[in-house]
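Q: Starting from the known structure of chain A, fit chain B onto it as the hints suggest.
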Amino acid sequence: MRATYRVVALVLAAGLGLLGLGPVPQNASAQQFKKVINFGVNRGAENLDPVTMDANPDLWAFMQIYQQLVRVNVKGDGFVPDLAERWTTSADGKTWTFFLRRDSRFSTGDPVTSSDVVWSLRRAHDLKDGPWQWALEDVQDISAKDDHTVVITLKEPWAPFLADISLFSNSILSEKVFKNAAQEQISNKPVGSGPWMLTDWKKGEELVMKANPYYFEKGLPKTPELHIKYIPDDNARIIAVQSGNVDGIDYPPFSRVAELKRDPRLDMQLNPSTAVAHLSLNTREAPFDNVKFRQALATAIDRYAIVRAVCFGYCTAATTFLPMTTPFFNKSSKGYVYDTAKAQQLLKESGVKTPVTVKVLFWANNPVHQSTAVVVKAMWSKIGVNLDLEPLDRAAATQRYRSNQFQIYITGWTNDIPDPSQLGAYELGFTQSQSYHSGYHSKEMDDLLEQGQREMNTDKRRDIYYRIQDLALKDSPLIWLYYAPYTIAISKKMTGFVQMATGPWIFKDVAVAQ
Amino acid sequence: MHLLTYALRRLGQALPVALLVTVLIFLLIKLLPGNPAAAILGDRASDEAVRALNHQWGLDLPLWQQYGVYMRNLVTGDLGQSLRYRTPVAALLPHRMVVTLFLVVYSLLLSVVIAVPLAIIAATNRDRWPDQAVRALITLPLASPTFWVGILLLIVFALKFRWFPAAGYGEGFSEHLRALFLPALTLANPFTAVLARNLRSSLIDTQRTTFVDFARAKGLVPRDVLFRHVLRAALLPIVTLIGVRLSYAIGGSVVIETVFALPGLGSWMVESILSRDYMVVQTLTLAFALAAILVNLTTDLIYPFLDPRVRMG
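Here the protein sequences line up with chains A and B, keeping their order. Position one of the first sequence corresponds to residue 1 (my numbering), numbered consecutively onward. Position one of the second sequence corresponds to residue 1001 (my numbering), numbered consecutively onward.
Treat the hints with care, since some could be wrong.
What the hints assert, rightly or not - Quick list of simulated restraints, FRET-style, between CB atoms: (1) A:253 with B:1140: 50 to 56 Å; (2) A:271 with B:1051: 25 to 31 Å; (3) B:1051 with A:140: 43 to 49 Å; (4) A:80 with B:1032: 43 to 49 Å; (5) B:1051 with A:35: 20 to 26 Å; (6) B:1051 with A:458: 39 to 45 Å; (7) A:90 with B:1051: 38 to 44 Å; (8) B:1032 with A:143: 45 to 51 Å; (9) B:1101 with A:313: 42 to 48 Å; (10) A:32 with B:1101: 37 to 43 Å; (11) A:265 with B:1101: 34 to 40 Å; (12) B:1251 with A:155: 54 to 60 Å.
If you're looking for bench data, these hints aren't it; they were derived computationally from the structure. Note that this is a predicted model, so its numbers are computed, not measured. For every residue, glycine included, the Cβ atom is placed at its ideal position computed from N, Cα and C.
Okay, chain A solo, but in the shape it has when bound (with noise of 0.2 Å):
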């Protein structure tokens, strides 16, 4: 019976020796930066093949594994090289030649050359059905010169063609490694010549990332090994960088902002994004259809009292369908003014009895979405307009949107490339998309969007698109609401650490102080 007495004493020891690990000692001999950079995300990759994936998530990740012929530059207003070093374009605009550059290698140690890149592109432009396929849409033929060389021609002149190329779902894989792979291979081991190479991942965990050590540039990546951790509660994600479990950390809530700022220890950032929050109008109904009724919405909502509400101060108005950062932005557009008066008064010309009372679909564990229809619900009921809420969860909500089963749709955009056709043609134009869900179909639109992909001269362009954001305003199909800029919370120790305006990070110039 002394067993008892015993395991009693044993597990009483085990606790307060349990209690007693306390805090593991720093190691005496540590270098002056850390061989680990560790960064906490609040969503985890899924499928790292750039070509059939559709999430940030993804696609930041893959961006530091795989390099493309061209590379938008930081702010997201132009393009420098990345795996071609020039390229020309004919006089006619139809054909464009791209000069690789000599000493890029892939993390096999095999050299880049023009028959990657035709494989990649091809498989790019080949795939059905795919996402991005819209950026290789007029493309005629891709084929190789030489080893070093790559052409490309055009069905037509295409504007947007750098930008295009230089999306992420162009990026360069290893023919020689996926030739004859399945799928599954592409998206789980991905094989490219950018700065990092995966090494592990552990999925919904972390992604463990080497240098790349052929990387073209020398001396970088600066720190060895990038561990990409999922961390999806913004309360520990926060508590993971203040406590210096990780050295970084990506979308910390505009609500927690304020105290990141304050605290010594961390860089609270608020880098310049494309990201643009609005309301998808269902055009297709009553009284949806009324284009009065629509106006006297976009005008009944102060944007500014969003802005303090759902951002905290840290967003901007919007004025136009187009980002801040994007170019041929027409800073001159006032967009929408709150005027109450002017809403009833647009209210009584649509016709559209009061009170009248709409629906908004939205996810139900965002808590932008959340407050954002809250606050549009009270400034709306000031012109008699009464909105009922209907939080989903989010695979629920997305299926009635995509299937046209709502009346308002509280959603959002980032640009993927610098050049507002893209947006233009998802958001304005009936063909990809039924301008965004929104059934909005407009032949004057229509015929502008294909007139600014054409136009060659810049100036006529920029008159193009401003035009485009004038009839977007007048016809209003979606309600544009603020710019948001994207928020990281990084520890003070880390140098280097850059966002792009397009979103992904840069990782390779990171280093972590000790």
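A: Quick look at chain B alone, frame taken from chain A:
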């Protein structure tokens, strides 16, 4: 032999329950609005792409056929693919399972380590100040939401003192012990209170029984009476409690794993439900159900060993 037939009979009863669980889960998740292909491909994907992916995954087949395929695969040991991660569920399952099991067992141990001494102190000082103090102390965790306690522990021990990591699971056994300490403590929290209260009253009741009187009359010192006779008998009802609690702890892991970013079954379940990753949800629900059935069975089988008075009917 008697025990074996009993065990087999209980197992036989458990099988139809497990089968029923698979049918229910299968139907429930299909009834939910939302489609995995649309959820995974995102807003920008074309309708054709969504249709093609649904076809590839066999999600356009009639429901009974889909269930048939699922059951056939299950019987042959094929747990299907995680649609979201494009990886066989069976390849992801072991690592995730270890994390959750580690967490649950760890939390149970912590509960016992904390609750047993508290209950002994309370019971041996009945109605005096130590008893009152313990009773007041253990009411607190009962009244605090797990989610909140988790965040609080993180702020104090991971942020202020930096004794424990804020997120993740770590590499190697000693790091697991450290990384899982706060989550295990959070998970242990409500159970510790229940355990301490129950053990306290159980100890008090046992002290009043005739065999304890007899032990005292034999001339045993109070310490020996307590540990040899009272505690052993008082632990019996606790075994049932632990069994019930284990099933709850597996469920509780869902919240804990999300707060502490642990790559276990619970957090995986939540993500998979939200993205309609059908195969994963089916497999995990089945695993949870089987675990609950197994725990119940084990509890029943342990009983006769602890108390010879319990005989199998």
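Q: Could you work out which of the previously given hints the structure breaks and list their numbers from low to high?
A: 1, 2, 3, 5
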